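*Asks:* The residues making up each chain are set out below.
There are 2 protein chains.
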Amino acid sequence: MQLFKKDIKFVRSLGQKKFRLESGCFIAEGLKLTREALSSPWPVHSVYSTDDAFIAEYPQTIKVTSHEMEMMSQLHSPSAHLVVVKHVPQRIDIATAPRIAILDGISDPGNMGTILRTADWFGIRHMYCTPQCVELTNPKVVQATMGSLFRTVVESAPAEQFIPALKAAGYRIAGAVLNGQSVYDCVFTNRHAIVIGSESHGISPTVLPLLDDRITIPGEMGAESLNASVAAGILLMEHHRQTLARHE
Amino acid sequence: MQLFKKDIKFVRSLGQKKFRLESGCFIAEGLKLTREALSSPWPVHSVYSTDDAFIAEYPQTIKVTSHEMEMMSQLHSPSAHLVVVKHVPQRIDIATAPRIAILDGISDPGNMGTILRTADWFGIRHMYCTPQCVELTNPKVVQATMGSLFRTVVESAPAEQFIPALKAAGYRIAGAVLNGQSVYDCVFTNRHAIVIGSESHGISPTVLPLLDDRITIPGEMGAESLNASVAAGILLMEHHRQTLARHE
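Keeping their order, the protein sequence lines are chains C and B.
Numbering-wise, the first sequence is residues 4 to 251 according to the numbering used here.
Numbering-wise, the second sequence is residues 4 to 251 according to the numbering used here.
Since the list can't tell identical chains apart, any single copy or any two copies may satisfy a pair.
Quick list of in silico lysine to any residue cross-link-like pairs, SDA-like style, CA-CA up to 25 Å:
#1 LYS35 / GLU202
#2 LYS143 / SER110
#3 LYS35 / ARG23
#4 LYS143 / GLY222
#5 LYS143 / SER228
#6 LYS9 / ASP55
#7 LYS20 / SER80
#8 LYS35 / GLU138
#9 LYS143 / PRO81
#10 LYS9 / LEU78
#11 LYS21 / SER49
#12 LYS89 / ALA226
These aren't lab readings, by the way, just hints derived from the structure by calculation.
In this text, all values refer to a predicted model and were calculated from it rather than measured experimentally.
Work out the full structure, taking the sequences as your base and the hints as a guide.
*Replies:* Now the structure itself:
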């Protein structure tokens, strides 16, 4: 398939939120993410590659030169593959989702992507994110998910709406705070939705009073804090360990 | 104290490894890191600030304008404070160090800094790093440690030297691999040195055959992998939980 100048301009423009919102499209780069997008239920808008072998495999791919790829890419070192995906806003069905986590105001794209990747690893494929979170289709978020974006359901909604709905469905809301119960003593079930708070401000004032379980990761004197992704990994691992052990 | 043009040039040059090695100095930015450096045993070369209140507190501070700070800073949004610290290569005394971890070829500065910060949180203040790790005084590493750099002892040495020395001192070497024992079943003691492997290549071929305990963090089907900092956080937390519980 042929490449037009307007295609380059369009793909390039998806680095900006404004144009992502206008078009409803976003990009993912690299062989792994391109393959994940193609094999996912997400609708693919277009695929670009500099690699003939890949083009033979996916004939709908548009062949580009390295220079054209550089013009379209958001990466410092562009890869050979780029896919444009249509963003379909997702909804969680609380009644059928096996496990749910909550992302509350995660503003760093790298953390947002890493937390999605970690949740996916521990089998949590349904997540609510508050409107204060960085946009899910920001290119840095997409790259940091390492493909988990295409395997998970992330619904953006106000906490005032989804937390009462979760509680009505029997969920307990658990999150990390200062001076909570030690995570080493916590008892988690599959009906715990774990809240991951923001790097800078922790759990938001909207969510804080709604917590059923206030958890602290014990540290030693002198140290400052844990990175948001690391804290999330520890809570999600502990949740996984306990719910796995009990075969719930 | 007065600022000279050569000072600006010197501080700016510390963004480059070559000039850090030549001068033996590195920079840390922001009020928190500046305060941590000043109250640490590390020798401070010079302190710069745009803030009169801070200068009154630390009279040795050199006052700079925002424009001068911008010229010296390595950050996109420079803070009001910057400190130049002399790098004193550190040595670990295996006989007296209470807990030790090993960083094996961590190449991403953000991960390197985050892992130091996490180890510090869990009370591991002594770490070996292999020569393949990103340089400890890289500004991005320093910023990501959030000050833990100034509270920990990190010795850069070849694994062929320090691992036999650790084993001779009674340490077991534990690290994350594919198809190891589940971390949920591991028994850790203070005489376990945990190896954190690289983001891209895991534990190096030099260290791999020296592992006494091969550990896996169980994940669910389909997910790709865990981020290096997240995996490190989980192993260090589990080590902390078990050794804390036994009051070793």
